[in-house]
Structure formats: C-alpha cells, structure tokens
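**Student:** Those protein sequence lines, which keep their order, are chains A and B. Just so you know, we're using our numbering here: the first sequence kicks off at 1 and counts up by one. Just so you know, we're using our numbering here: the second sequence kicks off at 1 and counts up by one.
Hints listed in this document are in silico derivations from the structure and should not be mistaken for laboratory results. Do not rely on the hints blindly, as some may be mistaken.
Taking CB as the label site, the calculated pair distances span [unchecked claim]: (1) Asp-11/A <-> Leu-21/B: 46 to 56 Å; (2) Gly-81/B <-> Thr-134/A: 20 to 30 Å; (3) Glu-66/B <-> Thr-134/A: 19 to 29 Å; (4) Met-288/A <-> Tyr-113/B: 31 to 41 Å; (5) Asn-206/A <-> Ser-85/B: 35 to 45 Å; (6) Val-32/B <-> Lys-75/A: 46 to 56 Å.
To be clear about the criterion: a stretch of chain B counts as covered by chain A if any three or more of its residues have a C-beta under 8 Å from a C-beta of chain A, and this derived list gives those stretches [said to hold, decoys possible]: (7) 17–23; (8) 55–65.
Heads up, the beta-carbon is just placed ideally off N, CA and C, and yes, glycines get one too.
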Amino acid sequence: MHDEAGNLSLDFLVGFTIFLLAFIWVATMVSGIMVNLQSSHIDYDAVAYRTGVILVEDPGWPASPAWELYGDNQKFSISRFGLAVSKESPGILSQDKINRFFCTSFIYPDDYQSRVIFGKYPYRFNISVTDLTTLRNQSVGDVLPDEYGYIRRLAKIKTDSNATIGPSYYIAHNYNNTGTPSDFNVTQHQFSILINGTRLLGDQRNPAYQIDPNTEPIMINLTNLNSTLWVKRPPVNPATKISLTGINVYVQHGNTLSLANTWKIPYIDGKSVSQVPPWPVIDNISLMIDPYNFSIMSAGYSNVYFNLTFNLMNNAGTSANGSFLNNTFSGPFDYNYNGANVTQPQLDDAVVEVAAW
Amino acid sequence: MNERGQLYTIEGVAAGLIMLLTAYMIVGATTVYTPGDAHISDMQLEVLGSDALTMMDTPANSTVAESPLRQMIENDSYGGGQFKSMFMNYTNASGYGPVHNIQFSANYSYVNYPVDNSIQTGWINSSRSLTGGEHAVRVTKWVIVYKQLPGDTKIENRAVLVEVLLWRD
C-alpha cells in the first residue's frame, strides 16, 4: 500500500506560497509607510540637551579645589566640566570657570568629549557662551554642518568683585591720620586690608552673590595715592617719593596673628612688578588676589590681613617725614558686602549654546 | 487518499486576502502620525521659556533686593511693555540654531484670599493675541510678591504663579 503520511501535496505548496507572497508584500508595505517618521536628530538633540544641562547647572568635578584651579599638567584629574558657580545656584555661571573651559590648553575634541559630551560615539560639537552685556563670545568646536542637534540655555555670568578706593574714601575714613600729635612727623606708614573669610561666608549665603576668595579672584585698587601725601604745609613738597617696601600677609587663627606670606605680585601704576621690593609708587597700587595664591596661604575662612608698608623719601634718597595713606589708628579697610566699600559681584545675562552632530 | 496534515490552496488565498484586507483597513484608518522628533522643538522652547523666567526672577546683584519680574508684578508696570521687552529680549537673544521669532502670552494667577479662595487671573502682556491655531508650550514660575492683590485686606507677601504660553511664528 502506498503511504502518503509526511508528504507535501502540490495543493499545499501552492496555498502556502500564496500565503507567503501576501505576507511579504504586506510586511514590506507597512514598514515603508513609517519611513518618513523616523528621525536621526533625536540622539543629537538629546546629547546637546544633556551637555547644556551639565554646563549650566553643574559646577563640575572635582569641586574642592574647584576643577578650574587645576593647571595644565593636572588636567587629567578633571573628570567633569561644569560652569555653574555651585550646585545650589543652577544657571549662575562662574566667569573663571568659563575662561578655563575655553582655554586653549584643552584640546578639541578629545579633552571635551570625555568631560562634558560623554558617550562612546565620537560626537562632534560646538559650544559657545555669549555675555550679552559685554557681547563677548567664547566658543570651542567645529564649524556647524547642515544638520545638528541643538539647545540654547539662558544663564547669568557672575562677575568678580573689586574695590577701588580714592581720595574721598581716604578722607571719609581718616586713612591719612597717623594718630601721632603731628601727622607730619612719620616716615613709615602702614595700610591694612582685611579679608574676613568667616563674615564673607556667613553674611551672604547665596552663592550667586557671595564673595569667596577661595574660589574667585578679588581685586583691590588704591588710586590717587599722591593726594594723601602731605609733607609740609605749606607748601607741599613735590620732590617727596613714595616707596612700597613690602606687602606682608597675616592670617589670624584664634587670637594669634601669624605671617603667612609676603605678597610679591602687586600691580604698581598699571604694571606688574618684576624686581624685589622696595617698589617706587607714583599714584596707584592694585592687588589681584586669585584663589590659587590665596589657597597657598591655607587661610581658609580665617581673617587675612594684607599689610602694605610705605616709606617716604626725598630726592636725595633719605627718609622724609610726612602724612600719607595710613590706617594704623582708623582700622583696616574691610573687604565686605558694603556697596560703598566694594563693587559687588554682578550677574550679567548670557546665552549658552550647544550643537552636536 | 489520506488528507491529514494538508492545507488547501483556497486556505492560503483566504489567509492572504485577510492580511491584505487588514493592511488596507489600517492604512485607510484616520491616524495622526507624529514624527519621532516632534517633542524636541517643544522641549527646546520650554527650556528657553523656563530659563527666561528664571533670569527675570534673579536680581542683578545683592544690593538689589527684588528681581525685575517681582518688581513688575508689584508695580503693575508690565502694561508699559517692560515684561514684553525683557521676555522677548531673552527668548530671541543672539545665537544660531532654530529661528528665534518667538511669541508669547503671559498672565499670573493667585488665590483670591480671604474672599472665597477661588483662583483669579491677572493679565501681564503678550506679543501677539492667541488665535487658537498656535502650537504653544506653557512655562510657569512661582514668584513671591509683596503686594495687595485684589480682595486682599493688606499688603503682604503673596505667591503668584506666572504662566507664559510661547510659540514660534
């Protein structure tokens, strides 16, 4: 007997072939309908968005000391860039972080990819920060192609604080009063500047407006020093010269005042100094106290005194007695949150743009 | 003849026809397909609007006690166009990327305390009136104002919700 079990009939083959052809045709047609709905942008937009969030809302890592204080030979210790002043104040950017971020010592794209773009895919990108007040634009990256993912964030850039004091301030605060019976009888004069770290930290708790010499530079300008010079009355002796003999920095721990450093990098009459003191001064002195040099003194948030010592001399090079900038008896100049003393940190409008492709 | 385990041609044809009919019905049905990146431009607009409100609610320095947004609501000065110029300036600020012709309509809401605790709305400003056809996104920000709101018996700190609808032209 002929057994047909397990054999395929011609009828089955025809039926199954028709079924398969119909199935393939439908499957092809349906997937084709969706073609125009796919987008290659999504990934790029997501990367741009993520990068924008990291830059604007994150202060970066390491946080203490902040990554922007790391030198070029330590840049491999920086694990994440972030431009925010602190994580408590998203959207407020630090000018120092921005300057460091766009520093040419970071190589595009490698140094940025691993620290701000992230991901295994080698994205190309363009990051720019524009200060809308000064119209200063800083950017890093490639020229934009036709198609790219994009995000625009609005932020504020925190400017550094500074103090510029001049004749009216000296007079109002008795800064040329030596306290001696005759103000004109002193050769050596001292002017002290106080940076009270504890009060700077405690009086203003919002990081957006806080003055913190451990993370941001501060600048003190003493202008029109000649106006405080009063040698003989009358007449004023024009031949008298001002000599800055040194700047000692004292740190107060408890009741003890200890010499922490001698400041060797003042700007005198608009120029940096190269030689050792004494430095001749005509009219102006500026102290630019940056976080790096501040941290060397391990002052933390103690009281720090910058003590400027001046000598008055006549043309012959011998000491001359007279009245000059001197706050030995009137108290040190306090770098604080009083707008009359110190120009407070200002928040400038800015736009952060990230494009990735 | 043993016919167990066999399919007939007519069954294959029937199955094929059913599939075709199903596909035809699916394609013919009214369906709104949304491209995969449709939410991206909404997200970009939302982030921008939210950032703009945050910037407007941030005082420029520590000596200014109140943010511009707070001052505008307290002084009812938005009618003079201060809100409009500031918001438009922020959202259309310089830069590349998608076109910046962003329009907005803004108001604020508050609880009608102590009258009946209903939600009242105060008008702020708009760059263009809403026609209903705009594809707008909504951003909000809570602002504390020191103001005697309508119905209030005295000047006090009150929370108002600033709402902005924004869209691209």
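**Student:** Are the hints correct? Go through all of them and say.
**Tutor:** Verification of the hints:
no.: 1; hint: Asp-11/A <-> Leu-21/B: 46 to 56 Å; verdict: violated, 23 Å
no.: 2; hint: Gly-81/B <-> Thr-134/A: 20 to 30 Å; verdict: holds, 26 Å
no.: 3; hint: Glu-66/B <-> Thr-134/A: 19 to 29 Å; verdict: holds, 25 Å
no.: 4; hint: Met-288/A <-> Tyr-113/B: 31 to 41 Å; verdict: violated, 53 Å
no.: 5; hint: Asn-206/A <-> Ser-85/B: 35 to 45 Å; verdict: violated, 27 Å
no.: 6; hint: Val-32/B <-> Lys-75/A: 46 to 56 Å; verdict: holds, 51 Å
no.: 7; hint: 17–23; verdict: holds (count 5)
no.: 8; hint: 55–65; verdict: holds (count 7)
Checked against the numbered hints above, the structure breaks hints 1, 4, 5 and satisfies the rest.
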